[in-house]
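Colleague: Which chain is which? The protein sequence lines are F and B, in order. Counting in our numbering, the first sequence runs from 5 upward without gaps. Counting in our numbering, the second sequence runs from 14 upward without gaps.
If you're looking for bench data, these hints aren't it; they were derived computationally from the structure. Backbone N, C-alpha and C define an ideal beta-carbon position, used for all residues, glycine too. You may find that some hints are simply not true.
Some residues of chain F that are not near chain B, with every Cβ distance over 12 Å (derived) [unchecked claim]: (1) F38; (2) P83; (3) R96; (4) A151; (5) F173; (6) M245; (7) G290; (8) T352; (9) F364.
Pair by pair, the computed Cβ-Cβ distance ranges are [unchecked claim]: (10) B:M131 - F:D270: 35 to 45 Å; (11) F:L8 - B:H218: 35 to 45 Å; (12) B:G154 - F:I12: 11 to 21 Å; (13) F:L24 - B:G154: 24 to 34 Å; (14) F:A316 - B:G32: 52 to 62 Å.
So you can see what is in the structure, the chains are spelled out below.
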Amino acid sequence: MTILRLAIRNLRGAGIRTWLNAIALSFAFVVIIFGQGLLQGMNKQAEDASTAYEFGGGQYWHPGYDPYDPLTLDSARGPVPGEVRALVESGRAAAVLVVQGSIYPQGRLKPVLIKGIEPNQRVLRLPTARLADTTEELPVMIGARTARSTGLGIGDYVTVQWRDAQGAFDARDGRVVEIMETSVGTVDVGQVWVPLDRLQALAGMPGQATVVTVAKGTRAPDVAGWEFRSLAFLTADLRQMVQAKSTGQSIMFLVLFLLAMLAIFDTQVLSVFRRRREIGLLIALGMTRIRVIVLFTLEGALHSVLAAALGAVYGAPFFYYLTRNGFAVPGGDTWGYALGDKLYPTFTAGLILGTTVLVFVVTAFVSWLPARRIARLKPTDALSGRAT
Amino acid sequence: MNDDVVIRTQNLVKKYPMGRTELIALKNVNLEFRRGEFAGLVGPSGSGKTTLLNIIGSLDTPTSGSAQVLGERVEALSHRKAADLRSRHIGFIFQTFNLLPVYSAFENVEFPLLLVNMSAADRRKRVMDALEWVGLADRAGSKPTQLSGGESQRVAIARAVVKRPEIVLADEPTANLDADNSHKILRTMVELNRNLNTTFIFSTHDEKVIRYLRRKISLVDGAVAADVPQTPEVDSR
Chain F
5 MTILRLAIRN LRGAGIRTWL NAIALSFAFV VIIFGQGLLQ GMNKQAEDAS TAYEFGGGQY
65 WHPGYDPYDP LTLDSARGPV PGEVRALVES GRAAAVLVVQ GSIYPQGRLK PVLIKGIEPN
125 QRVLRLPTAR LADTTEELPV MIGARTARST GLGIGDYVTV QWRDAQGAFD ARDGRVVEIM
185 ETSVGTVDVG QVWVPLDRLQ ALAGMPGQAT VVTVAKGTRA PDVAGWEFRS LAFLTADLRQ
245 MVQAKSTGQS IMFLVLFLLA MLAIFDTQVL SVFRRRREIG LLIALGMTRI RVIVLFTLEG
305 ALHSVLAAAL GAVYGAPFFY YLTRNGFAVP GGDTWGYALG DKLYPTFTAG LILGTTVLVF
365 VVTAFVSWLP ARRIARLKPT DALSGRAT
Chain B
14 MNDDVVIRTQ NLVKKYPMGR TELIALKNVN LEFRRGEFAG LVGPSGSGKT TLLNIIGSLD
74 TPTSGSAQVL GERVEALSHR KAADLRSRHI GFIFQTFNLL PVYSAFENVE FPLLLVNMSA
134 ADRRKRVMDA LEWVGLADRA GSKPTQLSGG ESQRVAIARA VVKRPEIVLA DEPTANLDAD
194 NSHKILRTMV ELNRNLNTTF IFSTHDEKVI RYLRRKISLV DGAVAADVPQ TPEVDSR
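Here chain F stands alone, though its shape is the one from the complex (with noise of 0.2 Å):
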């Protein structure tokens, strides 16, 4: 307590040295923050629309299906087992059948997977229920960016085609009813969907599915043939990309940060030099060597204090701001996931803790380096201010 005290005093005896040091750590600080709040963010966004619109709690999947292998596809479907079709009876589960197909807008092919969903479902969020409100032979509901590359609007007669189970190719005249507005580049670039069972029937595969989505919470039992896939598996690739990115990031916030540490060591070496005097008073007075180099291991280390206190008092409301309002992310469509327009950073306890404890240590270890000097000075020598 004694050298806390001590150490305390001298902080605030150092007055305008002591705050410049503050400042500079506490930029680093919220700058830090900031950017692990954005990653943060970024990944919960992008996994929390991708679960949304797309992932829910899981999927099974035919065993036949590979999202990465377009040419499996014909042979991705079969029957829903009975225990997942029982999931999908009670709501808490959607299928969904793919087919390969094509679309002619304007004339222009344009390669499609053709997605069959029940348009009651509420497992996903997608807007189904579009689908159903109609009376057209085959309602067809898109995605804002397919609309956008396809020029197609609500109301316009599309022609679809599609291989059925034979082999053979048929097609019809499907109205686009819904254009829909969603961050999930991957329900809507290339895609179109129709009802399940008018797909089902066209495509002559009564019963069958590709997929079947499950809620979010709901149990998902085995199941011989099909696969279960948890929504950490399907939302690996996401996390991967985020990583790459703040790979990069990183590597930014490395270099704040060393010019922090900088400062407080450049201090600390100026500090032990300058002060030889005053150590060696201190152990004239009765202090060890080793209580003289944690105090000055010590007032290094409450620069971060402070650092954490300034940075608190202009980072939180910065902080809040973010969290409430969001950051616009100009052209977020085109990064890969699932973002949207604006972004909002998650600051949680543990970003803010852990940033905290980290830099606090750091910075004690900075401090230290140059005071270790201390056990080497002879209290004689430093008192008559001669370096040992």
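Dock chain B against chain F, hints included.
Modeller: Chain B only, in chain F's frame:
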């Protein structure tokens, strides 16, 4: 060690390496100091006064021989034990005052008491008593930059005696003071020596200081040339 003897040096030798040769700072110094003495090590620069004080204060160790301070052999003390000896039993007064610049006079005087874990109330009383002794109770809140040289040295004296040490070592305490302030300081120390029965040992070549001493030890080239009691010209008792 006789109860009254607080310091005893036997064949004390201190050598410093100087390139390929050695500088002999102390040569076979044999001295005893009793409780309550007001003694001075007198001699020109380089005669070994400060070296001897540093060894007695356990800030340095002898090359050979022995220095016993309050029954502890300085040369055998660990860093920790030496620090303990200094923090409880020895007070230092330096030529350049050596006050901690960011502390007030009160905090400077309080500092040695923080190292011996004393309660805040006791600390406050002791500090105010010490400042009272040196006549600076009204300057307790002043920073060293706001004090004159004489006042700074009086704060340093208060810091040296606040823990009521058995021994106070004063290294050229008047070297940076004018005559008037020197006499004030010396009178203060004489008073404290009388009231607290503290052993004061000075290192000095200042005639003003020498006139206050009751024992004068002359050092020449690291050896004791004379060790004589004297009646202070300025009555110190």
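Colleague: Hint by hint, say whether it matches the structure.
Modeller: The hints, checked one at a time:
no., hint, verdict
1, F38, "34 Å, holds"
2, P83, "82 Å, holds"
3, R96, "67 Å, holds"
4, A151, "70 Å, holds"
5, F173, "88 Å, holds"
6, M245, "52 Å, holds"
7, G290, "2 Å, violated"
8, T352, "39 Å, holds"
9, F364, "23 Å, holds"
10, B:M131 - F:D270: 35 to 45 Å, "37 Å, holds"
11, F:L8 - B:H218: 35 to 45 Å, "43 Å, holds"
12, B:G154 - F:I12: 11 to 21 Å, "18 Å, holds"
13, F:L24 - B:G154: 24 to 34 Å, "27 Å, holds"
14, F:A316 - B:G32: 52 to 62 Å, "57 Å, holds"
Violated hint: 7 only; the structure is consistent with all others.
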